Amino acid sequence: MHYGDWIGAGHPSAFEFSYEEGSAIQKVEIDSFSGYRIYPSKGKLFVRGDSKVFRFAGSKNASLFLQRKNPRKIAWTQVYRRMHKKGITEEVAKKRSRRTVKHQRGIVGADLAAIAAKRNQTAAVRSQQRLAAISKAKTEKKEKETKKAKPAARSAPTVPKVSKQQMKGGKGGR
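Position in the sequence shown counted from 1, then plus 54, gives you our numbering.
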């Protein structure tokens with residue numbers, strides 16, 4: 055027998071489980087491709103070159119396996135059904151998702167009380183505060199301008215203008 059050969063059913067396997075029929079216990083294999091049960095004297099066994107054993111319930115499963123089809127993408131296989139949660143009747147009650155509860159938090163520079171107070175203000179109060187802030191900013195700006203204008207008028211001593219080249223001692227002073 056060579057590797058990659060087909061062997062008839064009835065050989066011992068690593069993934070076996072048994073069932074009782076009458077008084078005799080019989081070994082049941084699992085299909086390597088579809089996940090179906092393979093009963094005694096049924097199915098095919100394929101031994102790959104690296105001596106790994108594959109069992110198939112029928113030629114359809116064996117053919118799809120040899121075509122390198124992915125059983126996760128074939129709808130009738132057990133792997134597909136398990137992945138897509140088909141036929142699970144035990145977990146009928148779905149998990150209820152909790153609703154998110156909104157919390158109010160203070161922002162940096164303003165605590166929750168200050169935010170609530172501003173939210174409860176009327177539009178008229180807000181506009182008065184805005185106008186007061188604008189007028190205050192204007193007065194501060196005028197004060198700064200007047201302070202800048204006074205020192206600029208004083209600091210003007212009469213000094214003859216000399217270029218940078220003349221200060222360095224260039225040709226300009228001949």
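Errors might be hidden in some of the hints.
Stated by the list, open to error - The calculated label-pair distances, taken between Cβ atoms and stated as ranges, are:
id	residue 1	residue 2	range
1	D165	R126	25 to 35 Å
2	D165	K190	54 to 64 Å
3	V82	K114	14 to 24 Å
4	S105	R126	44 to 54 Å
What the hints assert, rightly or not - Straight line, CA to CA, 30 Å or less: simulated DSS-like cross-link-like pairs of lysine-lysine:
id	residue 1	residue 2
5	K96	K114
6	K139	K123
7	K140	K96
8	K156	K140
9	K190	K218
10	K172	K149
11	K202	K190
12	K172	K204
13	K127	K156
14	K215	K195
15	K172	K201
16	K114	K140
17	K156	K98
18	K218	K198
19	K140	K81
20	K149	K123
21	K204	K222
22	K81	K139
23	K201	K222
Read the hints as simulated data drawn from the structure, not as lab findings. Because the structure is a prediction, the values reported are computed rather than measured. We put the beta carbon where it would ideally sit given N, CA and C, even for glycine.
For each hint, the structure was consulted:
1. Here the CB-CB span from D165 to R126 is close to 55 Å, at odds with the stated 25 to 35 Å.
2. For the hinted restraint 54 to 64 Å between D165 and K190, the CB-CB distance of approximately 24 Å leaves it violated.
3. For V82 and K114, the hinted distance range of 14 to 24 Å is satisfied, since their beta carbons lie about 19 Å from each other.
4. For the hinted restraint 44 to 54 Å between S105 and R126, the CB-CB distance of approximately 25 Å leaves it violated.
5. Using a Cα cut-off of 30 Å, the hinted pair K96 and K114 holds, with the two alpha carbons roughly 14 Å apart.
6. With a CA separation close to 21 Å, the supplied pair K139 and K123 stays within the 30 Å bound.
7. For a cut-off of 30 Å, the pair hint linking K140 to K96 stands: about 27 Å separates their Cα positions.
8. Of the supplied pair hints, the one linking K156 and K140 is violated, its CA atoms being roughly 36 Å apart against a limit of 30 Å.
9. Pair hint K190 plus K218 does not hold up; C-alpha atoms about 45 Å apart against a cutoff of 30 Å.
10. A distance of roughly 41 Å separates the Cα atoms of K172 and K149; the hinted pair therefore is violated under the 30 Å criterion.
11. In summary, the hint linking K202 to K190 is supported, as the alpha carbons are separated by about 19 Å, within the 30 Å threshold.
12. As the CA atoms of K172 and K204 are separated by approximately 41 Å, the hinted pair breaks the 30 Å bound.
13. For the hint linking K127 to K156, the alpha-carbon distance of about 42 Å lies beyond 30 Å, and the restraint is violated.
14. Proposed proximity of K215 and K195 is contradicted: the alpha carbons are some 34 Å apart, above 30 Å.
15. With a C-alpha separation of about 36 Å, the suggested pairing of K172 with K201 is violated against the 30 Å cut-off.
16. This hinted pair checks out: K114 and K140 have alpha carbons roughly 22 Å apart, not beyond 30 Å.
17. Using a Cα cut-off of 30 Å, the hinted pair K156 and K98 is violated, with the two alpha carbons roughly 61 Å apart.
18. Between K218 and K198 the CA atoms are separated by roughly 33 Å; this puts the pair beyond 30 Å, and the hint is violated.
19. A threshold of 30 Å between alpha carbons decides the hint, and for K140 with K81 the separation of about 27 Å falls inside it, so the pair holds.
20. Of the supplied pair hints, the one linking K149 and K123 is violated, its CA atoms being roughly 34 Å apart against a limit of 30 Å.
21. At roughly 33 Å between alpha-carbon atoms, K204 and K222 are farther apart than 30 Å, so this suggested pair is violated.
22. For the proposed pair K81 and K139, the alpha carbon gap of about 28 Å is at most 30 Å, so the pair holds.
23. Distance hint between K201 and K222 is unfulfilled; the C-alpha atoms sit about 36 Å from each other, more than 30 Å.
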